[in-house]
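Numbering (our numbering), first residue to last: 18 to 514.
Keep in mind the hints are simulated off the structure, nothing from the lab. Treat the hints with caution; some may be incorrect.
[Claimed, not checked] Cross-link-like lysine-lysine pairs, in silico, BS3-like; alpha carbons within 25 Å at most:
1. K469 with K480
2. K390 with K479
3. K390 with K98
4. K284 with K509
5. K480 with K70
6. K177 with K506
7. K150 with K177
8. K150 with K178
9. K469 with K150
10. K506 with K178
11. K177 with K479
12. K390 with K150
13. K183 with K480
14. K469 with K178
15. K178 with K509
[Unchecked claim] Cβ-Cβ distance ranges computed for the label pairs, FRET-style:
16. R72 with Q472: 49 to 59 Å
17. G359 with H60: 20 to 30 Å
18. R382 with P415: 34 to 44 Å
19. D428 with K94: 35 to 45 Å
20. Y441 with D232: 46 to 56 Å
21. P415 with Q236: 47 to 57 Å
22. R58 with E503: 48 to 58 Å
23. K480 with L66: 31 to 41 Å
Heads up, the beta-carbon is just placed ideally off N, CA and C, and yes, glycines get one too.
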Amino acid sequence: MPLLKNLNIHGSQKVLIVVLVAFLTAAGFLVGLVPKTRAFRAHRMQAYLDTVKERRVNVVFITIDTIRQDRVSAYRKGAVKTPNLDAFFARGVGFTNANTCVPITLPSHVSILTGFYPTFHGVRDNGLYALRKTGITVTEALRERGYSTAAFVSSFVLNKKFGLDKGFDVYDDDLSDSFLRQIEWNLSGNIYPGTYNGYERRADEVTAAASEWLDQNRQTPFFLWVHYYDPHAPYYAYNSDLSSIEKKTPPDEQRDASMESVLRESKDCYDTEVVFTDSWVGRLLDKIEALDLSESTFVVIVGDHGESLGEHEYYFEHGARLFDNILKVPLMLRLPYEGPNGIAIDSLVRTIDIVPTVYHLLGIRPSDAVHGKSLIPLIFRLSDDAPSESYAETLLPPRVGEHELRAFTTDRYKFIFAPAVNGYALYDLRNDPDETRNVLELARENPEAYKKQYQPVLLELKKRLEDVIRSTGSGVPSIIEAPDEETKKALKALGYM
18 MPLLKNLNIH GSQKVLIVVL VAFLTAAGFL VGLVPKTRAF RAHRMQAYLD TVKERRVNVV
78 FITIDTIRQD RVSAYRKGAV KTPNLDAFFA RGVGFTNANT CVPITLPSHV SILTGFYPTF
138 HGVRDNGLYA LRKTGITVTE ALRERGYSTA AFVSSFVLNK KFGLDKGFDV YDDDLSDSFL
198 RQIEWNLSGN IYPGTYNGYE RRADEVTAAA SEWLDQNRQT PFFLWVHYYD PHAPYYAYNS
258 DLSSIEKKTP PDEQRDASME SVLRESKDCY DTEVVFTDSW VGRLLDKIEA LDLSESTFVV
318 IVGDHGESLG EHEYYFEHGA RLFDNILKVP LMLRLPYEGP NGIAIDSLVR TIDIVPTVYH
378 LLGIRPSDAV HGKSLIPLIF RLSDDAPSES YAETLLPPRV GEHELRAFTT DRYKFIFAPA
438 VNGYALYDLR NDPDETRNVL ELARENPEAY KKQYQPVLLE LKKRLEDVIR STGSGVPSII
498 EAPDEETKKA LKALGYM
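Sequences and hints are given; from them, build the entire structure.
In structure tokens, the structure reads:
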């Protein structure tokens, strides 16, 4: 090498420099390869999307009410056995850190079907609000593009009077058959789940109704939403083959968990409700497969919220707290036409990201900019496109003598704010995933350490929470000022009043 000769470098020094130059050259090549690799993934994503846009794609949403993420064994080995959800997770795309934005059935489903936070769509609680705004549901967008649309729901709180029927050709909220089935079961000496006078129905009933619709509508592109309510309280324990019910935990006992036996029995009943639901979700997926629709169908399975089973001294409820056992939900999907599947993603995502993912997949430009973010770039490992933050709220607590709550979550922290009393809580999710210690207690124990470590975090998250509320709160009020007597009766029967 002339340069080395001119520098009067000889022997082992020359060998060392040659090796160093070779290493740096290789390193430079690898550095240059990184953007090319990302560009390749972006190109692969676009090629997939271009292919999908030219083909028929059906869309199926399966929502499961009140299902804790840790009760799906794909998320937690040794937990309840959910073989059908596990198999779907393994063959699809599973998200291990998915959050709902509100732990209440109606507003949570409105957010799932629109991609908007409740601050915009205006539905903040069960029974007291209805979706007034038009043109913002995924159903309306798909029907405009020629899709047949159908929903099969399992609880009165999703009755069409609350506005979620917008865009659906069929909105099956008829729960009367469930009441007749209840009478038959009671006369035969069995315990029938759903002793709420026709205000809910079981997973087998809703699966049968949805399957019949699929038989009749398989020839055209369709959007199907199926809602399962079984894990919601009160809980029932099934026998080993899920053919009959052995016992139930009465609502009055569930509200008094001072006895350890009641707590244990209630958890066992809840777990069998999850197993029962899993079995019927599996049959619905089998139906899609039997009709030769799996390849062409984008399927999403998601929980609307979780359930507190005694954590934080909160028993068998969900609507008045914003801890992870209530906000964190199972979320899994299966892309059509050989899209990336068989992967698990740990990034923070939200249930409001589902509809933007549908729009991205199908090349739809919504009339309003949704709050959620498409998950497709994340699935194609374009990780800088992850949502990375989540807002949640509950306006239910005043109905039970407590305060409204807001929360802002990042990959590391959760900030909870009670505006009425200017109360704060901050949890370090990395070091305290069960949220057992409010780190603001450190302000009393060690003010200097708190000021250095957590005060900047608190101020930043408070500002970001306020920014979300301000930037998303441009919707229309949707309150029903005077719920009718039927609504009051149903909400009371279902434990909401």
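Quiz prompt | Pairwise hint evaluation, K98 against K390, where the allowed Cα distance is 25 Å at most | solution = violated, 32 Å
Exercise. State, for the Cβ atoms of D428 and K94, whether the hinted interval 35 to 45 Å holds or is violated.
Key: At roughly 23 Å between Cβ atoms, K94 and D428 fall outside 35 to 45 Å, so the hint is violated.
Quiz item: Going straight from one Cα to the other, do K469 and K480 come out at no more than 25 Å?
Solution: holds, 18 Å
Exercise. For the range 49 to 59 Å, tell me whether the beta carbons of R72 and Q472 fit it or not.
Key: holds, 54 Å
Quiz item: Does 31 to 41 Å hold as the CB distance between K480 and L66, or does it fail?
Solution: holds, 36 Å
Quiz item: Is the straight-line distance between the alpha-carbon of K390 and that of K150 25 Å or less?
Solution: The given pair, whose Cα atoms are some 21 Å apart, holds under the 25 Å limit.
Exercise. Starting from K178, check that the Cα of K509 is at most 25 Å away, please.
Key: Distance ~17 Å between K178 and K509 Cα, so the pair holds.
Practice problem: Would you check the hint for K390 and K479, treating anything up to 25 Å between C-alpha atoms as holding? | Solution: holds, 22 Å
Practice problem: Would you check the hint for K506 and K178, treating anything up to 25 Å between C-alpha atoms as holding? | Solution: holds, 15 Å
Quiz prompt | Satisfaction of the hinted span 48 to 58 Å by the C-beta atoms belonging to R58 and E503 | solution = holds, 53 Å
Exercise. Please work out if K480 and K70 have their alpha carbons no farther apart than 25 Å.
Key: violated, 40 Å
Exercise. Look at the Cβ atoms of Y441 and D232 and judge whether their distance stays inside 46 to 56 Å.
Key: At 54 Å between Cβs, range holds.
Hint compliance for this structure: hints 3, 5, 9, 11, 13, 14 and 19 are not met, and every other hint is.
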